[in-house]
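Protein chains: 2
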Amino acid sequence: MQITTINIVLQYMLSKAQSKHIRSLTQQKFRDQFQQFIAEGSKLATEWLSSQQSVIQIVATREWLDDNRAIIAPHNEALVIEATEKELEIITTLQTPNQVLLVLPYPPVIPFPASADKWYMALDGIQDPGNMGTLLRIADWYGIEHVLCNEQCVDIYNPKVVQSAMGAHLRVAVHYSDLALSLKQLKMPVYAAILGGDNVYHCNRSNSGILVIGNESKGISDAVLASASHLVTIPRKGGAESLNAAVSAGILCALLLPQ
Amino acid sequence: MQITTINIVLQYMLSKAQSKHIRSLTQQKFRDQFQQFIAEGSKLATEWLSSQQSVIQIVATREWLDDNRAIIAPHNEALVIEATEKELEIITTLQTPNQVLLVLPYPPVIPFPASADKWYMALDGIQDPGNMGTLLRIADWYGIEHVLCNEQCVDIYNPKVVQSAMGAHLRVAVHYSDLALSLKQLKMPVYAAILGGDNVYHCNRSNSGILVIGNESKGISDAVLASASHLVTIPRKGGAESLNAAVSAGILCALLLPQ
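Top line first, the protein sequences correspond to chains A and B.
Residues 389 to 647, numbered by this note's numbering, are exactly what the first sequence covers, in order.
Residues 389 to 647, numbered by this note's numbering, are exactly what the second sequence covers, in order.
Hints are computed from structural coordinates only; laboratory data are not their basis.
Remember, predicted model here, so these are calculated numbers, not experimental data.
Hints may contain errors.
For chains that are exact copies, the list does not tell them apart, and a pair is met inside one copy or across any two.
For lysine-lysine, the following BS3-like pairs were computed, each having C-alpha atoms within a straight-line distance of at most 30 Å [unchecked claim]:
(1) 548 / 606
(2) 431 / 548
(3) 417 / 625
(4) 575 / 417
(5) 606 / 474
(6) 625 / 548
Isolated chain A, as found in the complex (with noise of 0.2 Å):
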């Protein structure tokens, strides 16, 4: 029996100009130029490289590349790269460094879904991107496949949301729009967290809705507040003055959404 290995490496070295351009790719304005965003860490690579979706290029240490081999090899679409740890260290965004970095391309852009039977999340002005890439990551968990944003929130491809999203990115589609304008257009139940709502433990759950999770320290804007139809809370019993926003959205979909 004749073992077959496929040599998946097709580059030794990590170019000056592939390196520049990677290290561009922390920027929002390159980000959207080349429509391309970076994933750090083994656990992110190996679960993008097992799913369906396209892969730009791979830049990782040998070591990684032999121990991967099964999920590069579909790949055939990726440039590979194998680069030592120092030139790894160049190019992350991480403290300590990665055995792994991709560069993907944007998802294509599709449609909000027009006839809603589920439920969805709303982000109002997310600023940290630890909080977007968790609420992401909530999203993911709950079987949340569509989250509007609006342009006051950070962008869902700065590095720090992605790797907090732990592979949300896969899963779930984000739509940028004018939110208080789409909150009206979809017709549907909106239940917005505010501080001083109705208690959430005495709402009615429903089958279908929006989230709506507002900025980490203004809350949710006048103009959304004035789309949704359920303004909810949290009941509190200590002295806390507020939750974080990911933590308020995860124990809202724990409490509102069908189980």
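With chain A held as given, fit chain B onto it using these hints.
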């Protein structure tokens, strides 16, 4: 009528030694040595100064001191230092320095309440300062007054923890111990959050208990797990592999604690 103004500023410049001392407090060994930690930002500072707890130093711009005379005045135990924005820039741990920084004493060590008829939180190896702060903030929101940690957890006086806890340190006491041993000795219902446990929606609510949250990637250690009476899971609908530790804690508090 005579209007009496109290000159609250005791010192009009931050000395080099003071600046060095404050910067040393970003390191745990110096925090432990001096039994002091720092809290930054106007929101946190006003909350602290408005409480009954003591303050060692208030370092702030003239403007901030002028605006906050009423809450500073009762703190005659504190050294009030007027600093320039440049001086604050040197001592800040934030990306954009704030107008005020407090040096605070470690709170007195109090025993974990022996007769427990309330809910508590236990944290097993929480590593990320943002997660730790958010967990304390959740405890604070739900009126959980005591949190157990083991030595594998990040220091709760790490500036990033203090920042994301949003004042929880004022109301939540943290106790370090051998978690597995403590949980056994407490003889209370212990709910451990794991993947693949019992559906938390089908759990009976209890008037008292301990919610255990594990390390961000490794989960709860075997020794701690052995002390658990209930293994609970938040049911998943979508594709995400897991939820963020703090988000899980928030959801479990919402589902397990008495309303």
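*asked:* I'd like to know which numbered hints this structure contradicts. Please list them from smallest to largest.
replied: 3, 4
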